[in-house]
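If you read the sequences in order, they're chains A and B.
Going by UniProt numbering, 221 is the number at position 221 of the first sequence; the sequence numbering is gapless.
Going by UniProt numbering, 230 is the number at position 230 of the second sequence; the sequence numbering is gapless.
If you're looking for bench data, these hints aren't it; they were derived computationally from the structure.
Just so you know, even glycine gets a beta-carbon here, dropped at the ideal spot from N, CA and C.
Some hints could be false.
What the hints assert, rightly or not - The list that follows gives simulated cross-link-like pairs (lysine-lysine, DSSO-like), each with its CA atoms no further than 27 Å apart:
| no. | chain 1 | residue 1 | chain 2 | residue 2 |
| --- | --- | --- | --- | --- |
| 1 | A | K198 | B | K222 |
| 2 | A | K198 | B | K129 |
| 3 | A | K188 | B | K59 |
As the list claims (entries may be wrong) - Pair ranges (Cβ atoms, derived):
| no. | chain 1 | residue 1 | chain 2 | residue 2 | range |
| --- | --- | --- | --- | --- | --- |
| 4 | B | S81 | A | I33 | 52 to 62 Å |
| 5 | B | G117 | A | I33 | 49 to 59 Å |
| 6 | B | N197 | A | S205 | 31 to 41 Å |
| 7 | A | Q98 | B | A50 | 48 to 58 Å |
| 8 | B | L11 | A | E192 | 28 to 38 Å |
| 9 | A | Q255 | B | V88 | 26 to 36 Å |
| 10 | B | S21 | A | K283 | 38 to 48 Å |
| 11 | B | P48 | A | E124 | 27 to 37 Å |
| 12 | B | A50 | A | K189 | 18 to 28 Å |
| 13 | B | A125 | A | D317 | 41 to 51 Å |
| 14 | B | R14 | A | G206 | 18 to 28 Å |
| 15 | B | M23 | A | S43 | 51 to 61 Å |
| 16 | A | R47 | B | F172 | 46 to 56 Å |
| 17 | B | R155 | A | R166 | 49 to 59 Å |
Claimed, not checked - Which stretches of chain A does chain B cover? Using the computed rule of at least three CB atoms under 8 Å from a CB of chain B, they are:
| no. | region |
| --- | --- |
| 18 | 148-157 |
| 19 | 192-205 |
| 20 | 233-241 |
| 21 | 247-260 |
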Amino acid sequence: MTIVVGFEGSANKIGVGIIQDGKVLSNPRRTYITPPGQGFMPSDTARHHRSCILDVLQEALEEAKIKPQDVDCVAYTKGPGMGAPLLSVAIVARTVAQLWKKPLLGVNHCIGHIEMGRLITGAENPSVLYVSGGNTQVIAYSERCYRIFGETIDIAVGNCLDRFARVLKISNDPSPGYNIEQMAKKGKKFVELPYTVKGMDVSFSGILSYIEDMSHKMLSSGECTPEDLCFSLQETLFSMLVEITERAMAHCGSQEVLIVGGVGCNVRLQEMMGVMCQERGAKLFATDERFCIDNGAMIAQAGWEMFRSGQVTNLQDSWITQRYRTDEVEVTWRD
Amino acid sequence: MEGDAESRSRLRTRAFLDGLSLMKQGAEARVYRGRFLGKAAVVKERFPKAYRHPALDGKLTHRRTAQEVRSIVRCRKAGISAPVVYFVDYVTNCIYLEDIEESTTVRDHIISMQQCGKEASNLCALADKIGQVLARMHDEDVIHGDLTTSNMLLRPPCDDHNLVLIDFGLSFISALPEDKGVDLYVLEKAFLSTHPNTEEIFRALLQSYSSNSKKSGPVIKKLDEVRLRGRKRSMVG
Chain A
1 MTIVVGFEGS ANKIGVGIIQ DGKVLSNPRR TYITPPGQGF MPSDTARHHR
51 SCILDVLQEA LEEAKIKPQD VDCVAYTKGP GMGAPLLSVA IVARTVAQLW
101 KKPLLGVNHC IGHIEMGRLI TGAENPSVLY VSGGNTQVIA YSERCYRIFG
151 ETIDIAVGNC LDRFARVLKI SNDPSPGYNI EQMAKKGKKF VELPYTVKGM
201 DVSFSGILSY IEDMSHKMLS SGECTPEDLC FSLQETLFSM LVEITERAMA
251 HCGSQEVLIV GGVGCNVRLQ EMMGVMCQER GAKLFATDER FCIDNGAMIA
301 QAGWEMFRSG QVTNLQDSWI TQRYRTDEVE VTWRD
Chain B
1 MEGDAESRSR LRTRAFLDGL SLMKQGAEAR VYRGRFLGKA AVVKERFPKA
51 YRHPALDGKL THRRTAQEVR SIVRCRKAGI SAPVVYFVDY VTNCIYLEDI
101 EESTTVRDHI ISMQQCGKEA SNLCALADKI GQVLARMHDE DVIHGDLTTS
151 NMLLRPPCDD HNLVLIDFGL SFISALPEDK GVDLYVLEKA FLSTHPNTEE
201 IFRALLQSYS SNSKKSGPVI KKLDEVRLRG RKRSMVG
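The shape of chain B in the complex, shown without the other chains (with noise of 0.2 Å):
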């Protein structure tokens, strides 16, 4: 009775999915844009990793939906802006959360700034902006694990530097350095590979956090040791 009841529900997601436009697909998951009981929605769907030992991707898939669900949730009461909740559906790993309409990547946006040949203060401003959010999501030991420019929206009109935080599929709490620093050196390398030449706008960033968090002394610090041991990473062929 129970497995017919789930297979039901499998079949009513699906069909609804159809009805959505399929937005993108990103490394784990399909995300559809439509509308959800009346309100503008996207709908992330984990679907079953074919590639993966089936044991492996069930748990993984569902660790990480429901840690992406909590994360958000203790962000949004903590006032770092994420998009809203509006439901989560376990069976098929389905997340469904409130459209940021118009928005931008801040990647995006850093790259067109790039070109248009505008001026670094811009999105040294910008880069403030993030230090600030970040500083505060660290604070609430929410650590994101996946920070990438790809990842931070900006609601309309980009240049008010409107922050918007998404993808905490690979966030989990902790409270230690060692996390925090470890979060901000992913950022460090995916900002600095994504976009060549910004190292500065990069240290604006570094700054911004150390003056906006309570915690940043020992956090920076784990931070300049991560990066040591990735200079040893090359050693052998």
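So here's chain A without its partners, still in its complex pose (with noise of 0.2 Å):
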């Protein structure tokens, strides 16, 4: 029996979530939401995630019903994601492993996000889909190593839809993009958005520069409604990279795929991706926003994976990193 502690908040989320042995004992999280037109500045985000992670803590483990001497590990976000909201997390992360004497485990943060989704589904080896505000990546696994095949060349398609709800003075409460997600449910008129995909790649930025300069125009002439560009813009996003996990799936031969990421919890991009597969008589995995959006869990159990697998990580290496690529972890847990 193996118990972890997950603290993640790499981004506007602060989780601690507690896995044992693949059973989600208690998944907490506050977001740090900021007003529309606006995005999160990473002090700013620092300094909520300091306010509130000792409490997310201690109600993770009242939830968990445990205590701090039954726990194996504490695992903690390494990177990708924002310097200051990092080092506030892993600060705390290191403090309690050592008043509890467990050993330390720093996870990269794309992997958590696989694990997680691998672990809910049940999806055995699919190729995942990993779309959010910071990343935008199409992964399989091979020996060792998940992979990328696809990817943004630019911004990620979260950014993307982010910066649009900005221009638009979306709520970002509980996300923009939530919000976007809603308004394109009445959209009925598509209008043709800029379309690039370069093999298994995408881009994004030119669709964003192009929305962003027509969309005042459009708007005020009456051409079309808000409602009208957050459904054309989320047809072409979700058209793009439903397009490059085909291209990869057919690429790998592969015959799943597995959703993950906070935009992965959006129901229009789950259809879509449901009916390519029903096309090619492959199966889609997918999860809520539970387990999509950035948690604490996540980080858990892919520490979890690790720790059973020998790893930990010294006190003197358990720094952050911005940069950190998938394909850079070494798979110890995988055949």
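Hey, can you piece these two chains together into the complex? The hints should help.
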């Protein structure tokens, strides 16, 4: 029996999750929400995390009904992410690990998403579409490495959505992506936007500048509604994502898809991916906002796998890094 | 009247395709194998993608069918080996192409060479050949758009390294070093992720590209730039 506590705070979510042998004992989380039209700045986000991390930890322990001495390992996000929030959370993880005299484990955030997705859905060896505010990658496993087959050449898909939300002053509560999704349901007219796929890679920055540029003109002339723009943007971005996922599947001969990351809980994206899978006799695995959006349990789960395969991070190596690619990690827990 | 003719043509194509054997379902098309006017042929059918908005789907499908044919013809004119185009049907978005009989994909070839532990030197010779062909293609300003080892065939016998490029659906014409650099970058990632531990072979490919292309200097410089952009990507989780 192995119990791992995971600390996650690489972006605007702060979460502490506790995993016991494939079971989520608790997974509380808080989100730093900024006013409409604004993104979250690293220093303010770090301040938010510092102010509530101990409450979240307390809540996690109480809900899981465990005491610090029951814990076997303390996992935290080593990167990638924003420096200041990562650092604040790492300091707390280091401190409790020393107080409780437990081993530490630095975890790659992207690997956390993948392992959590595999645990929750039971997908065996899927092609993974990892889509969030900071990452857009199509990943498949081979020879002890999660290899990146396709990814964005510039900004992440979630970043494109978030920044579009700022242009239209769409609320950030609970998240800009969620509000765009709801508005898109009422959209009727399809506005043609640039469509940029390069093999298994995608590019979003051109679409963003185009829509930033034309949206006010089109809205003030009454040519389309904000809902139409949300709808058209989602349809275009998600078509690109489904296309590169399908291309990677055809290339790797894969028959399973797993969607993870914050954008992954968008139901329209899941629906489109489902249609694609059906067309080629493949199987889709997806989860809801509890596990798609950044959370502590995903770090605990990846940490659990790493810890069981014999890894620990020494105190002097327990640093953080803003840049940490998915394919840099040696996957010691899979064949 | 015109609508009638179109739907009759659709039915005829459907009936013809149903008589062929389905070879595989790629990312955007079904590929059938059979005979067309007595010749061994493959038919690439870009069927409507139900997950895409119909307006977007119609536009993409038509554009890609046209672009694929255009680039194949342009390559063949320049002496770069690509399948012969027999016939194009824009109503059903089908392309009828020469079947490269008994061919192997470069992907399968590399995998089988690696499995039987053959010398890296043989693969380096293949990499050399790939570099040569891509250099010539880029000198013609054809950007393939989806370079992977699955999209390169070897005519039998494989060891002759008689390379045929296929799948030009994402291709376009451009003289910009940026576009050529990205084209190579796409290949590099697909190559290294599909075939672990082949960094050296890929280096040989790029070297051969550089020495065979007249305009490789700025392209390789752009490739280095695009790679750096790549590292930044994993910044925020």
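**Hint check, failures only** = 10, 14
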